[in-house]
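**Q** All chains, full assembly: derive it from the sequences and hints.
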Amino acid sequence: MKKISLIFSLLVLALAVQTSVFAQNAGNKGYKPDDIATDFKLKNVDGKTVSLSDYNKAKGFIVVFTCNHCPYAKAYEDRIIALDKKYASKAYPVIAINPNDPAVEPDDSYAAMQQRAKEKGFTFPYLFDDGQKVYPQYGATKTPHVFVLNKEKGKNVVRYIGAIDNNYADASDVSEKYVEAAVDALLAGKEVKQASTAAIGCSIKFKK
Amino acid sequence: MKQLFPLLFILIFTACGKTATSSAPAFKAVQYEELKAVLEQNDDVLYVVNFWATWCGPCVEELPGFMEVNAEYAENPKFKMILVSLDNVKKLDKTVKPFIASHKITTDVYLLDDNKRMNLWIPAFDASWSGSIPATVFYKNGKKLHFEENQLNKTELKNLIHQYL
Numbered sequence: 018m019k020k021i022s023l024i025f026s027l028l029v030l031a032l033a034v035q036t037s038v039f040a041q042n043a044g045n046k047g048y049k050p051d052d053i054a055t056d057f058k059l060k061n062v063d064g065k066t067v068s069l070s071d072y073n074k075a076k077g078f079i080v081v082f083t084c085n086h087c088p089y090a091k092a093y094e095d096r097i098i099a100l101d102k103k104y105a106s107k108a109y110p111v112i113a114i115n116p117n118d119p120a121v122e123p124d125d126s127y128a129a130m131q132q133r134a135k136e137k138g139f140t141f142p143y144l145f146d147d148g149q150k151v152y153p154q155y156g157a158t159k160t161p162h163v164f165v166l167n168k169e170k171g172k173n174v175v176r177y178i179g180a181i182d183n184n185y186a187d188a189s190d191v192s193e194k195y196v197e198a199a200v201d202a203l204l205a206g207k208e209v210k211q212a213s214t215a216a217i218g219c220s221i222k223f224k225k
Numbered sequence: 003m004k005q006l007f008p009l010l011f012i013l014i015f016t017a018c019g020k021t022a023t024s025s026a027p028a029f030k031a032v033q034y035e036e037l038k039a040v041l042e043q044n045d046d047v048l049y050v051v052n053f054w055a056t057w058c059g060p061c062v063e064e065l066p067g068f069m070e071v072n073a074e075y076a077e078n079p080k081f082k083m084i085l086v087s088l089d090n091v092k093k094l095d096k097t098v099k100p101f102i103a104s105h106k107i108t109t110d111v112y113l114l115d116d117n118k119r120m121n122l123w124i125p126a127f128d129a130s131w132s133g134s135i136p137a138t139v140f141y142k143n144g145k146k147l148h149f150e151e152n153q154l155n156k157t158e159l160k161n162l163i164h165q166y167l
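Going line by line, the protein sequences match chains A and B. Reminder that position 98 of the first sequence reads as 115 in the working numbering, one-by-one numbering, no gaps. Reminder that position 142 of the second sequence reads as 144 in the working numbering, one-by-one numbering, no gaps.
None of these hints come from the bench; they were simulated from the model. Ideal Cβ positions, reconstructed from N, Cα and C, are used throughout, including at glycine. Heads up, none of these hints are tricks.
What the simulated footprint calls covered on chain B by chain A, stretch by stretch (three residues with Cβ under 8 Å from a Cβ of chain A suffice, anywhere in the stretch; the number is not a length): (1) 57-69; (2) 119-133.
Below, computed lysine-lysine pairings styled on DSSO-like, alpha-carbon distance capped at 30 Å: (3) A:K58 / A:K103; (4) A:K172 / A:K103; (5) B:K106 / A:K224; (6) A:K225 / B:K106; (7) B:K146 / A:K225; (8) A:K74 / A:K49; (9) A:K91 / B:K106; (10) A:K46 / B:K38; (11) A:K194 / B:K93.
The following label-pair restraints were derived from C-beta to C-beta distances: (12) B:D128 / A:I53: 24 to 32 Å; (13) A:A108 / B:N152: 32 to 40 Å; (14) B:N143 / A:N73: 53 to 61 Å.
**A** Here is the structure:
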C-alpha cells in the first residue's frame with residue numbers, strides 16, 4: 018500500500034512539474050523588440066566573468082548566441098568578427114554567448130570554446146551560458162541568433178532580433194545586412210526599420 | 003504466370019498515369035513558390051511536412067521514427083509525408099542524395115534552395131517559427147492545421163496524424 022501511495026504521489030509530482038514547465042514555456046517566449054534585456058554574469062574564455070554593466074562607455078551591444086558545432090554559426094564566424102571590428106570602436110561591441118549544453122553537444126564545451134576563440138582570434142568575449150539560465154530569458158532558440166541592444170536611460174533596450182544578414186552560405190552574395198542596418202540606424206539616432214527577421218539556425222541543445 | 007503478375011501490375015499502374023505510389027519518390031531542389039504549390043493542394047490529403055538537414059543532429063535523430071510512421075500509412079491515399087531539406091544546394095548530390103539512400107528515406111524530398119529569402123518563407127510557413135530545425139507542419143486542402151518547432155517522437159507524430167487525418 019505504501020508503495021502504491023508513493024507511486025501515486027510521484028505521478029502527481031511529475032504531472033505538476035510538467036504543467037509548470039508548460040505554463041512557463043507558454044508564458045515566457047523571450048524578448049520582443051522594445052523589451053528591456055537583462056544583464057548577466059557569465060564566464061568568458063579567459064576565465065574572467067563578463068557583464069553588460071562592465072561596459073561603461075558602450076552605447077549598446079550586439080549580443081550573438083552562437084556556438085562551435087553548428088554549420089550556420091561556423092559560416093557566420095568571420096562575419097561576427099567583422100561586426101566587432103566595425104562596431105566595437107563605435108561603442109556597440111559584440112558579446113558572443115554559447116547557449117548549448119556540452120553534455121548534449123560535446124563540441125560546445127568550455128574547453129572547445131577556448132580553443133575556437135584562440136584559433137579564430139576572437140576580439141570579443143565568448144561567454145559560456147553555464148546552467149543555461151540566460152538564453153531562455155532572451156528567448157534565443159537557435160544559433161546564431163542576434164539581439165541588438167541599445168542603452169537608453171541606463172537600460173538595455175532590445176532594438177533588433179534575428180539574423181546577421183540574408184545569406185548564410187555566401188557572404189559575397191548578401192543583399193541585406195540586417196544587423197549592420199540596425200546598428201547604423203541606432204548610431205544615427207534613427208528608428209530601426211526592420212526590428213526582427215527569421216532565418217534557419219541550429220536548435221539550442223538542452224537535456225530533455 | 004505467377005512471375006508475370008507483378009510485372010503486369012506495374013504495367014497497369016504505369017499506364018494509369020497518375021500513380022504517386024508506384025513512381026519513384028521525388029528528389030529535387032525547389033524555390034518557395036514551387037514547394038508551396040506541392041503542399042497546399044485541394045485534394046483532402048494530409049501533408050506532413052518535415053524541415054530538416056543532414057547536419058542537424060536532432061533532425062537526423064527523429065527521422066527513423068518518421069520513416070516508420072510513413073511506412074504504416076503507405077497505403078493510405080489521404081496521407082503524404084514530405085521532407086524538406088535545408089541543406090546547401092551545393093550539397094545536393096554529394097551529401098543529401100547519399101544520405102537519402104543510406105538512411106532509407108522513403109518519402110519525397112525537396113531541397114528548399116531559397117536561402118536569401120528565408121525572412122520571407124519562414125514566417126509564411128508559421129508566424130511563430132524562429133527558424134530552428136527540426137520543424138514539422140501539417141497541411142490539408144491548402145490549410146495549415148498544425149506547426150511544431152520541435153523534435154517529434156513516433157507517438158507524438160502518430161497522435162498528431164490521428165488528430166488531423
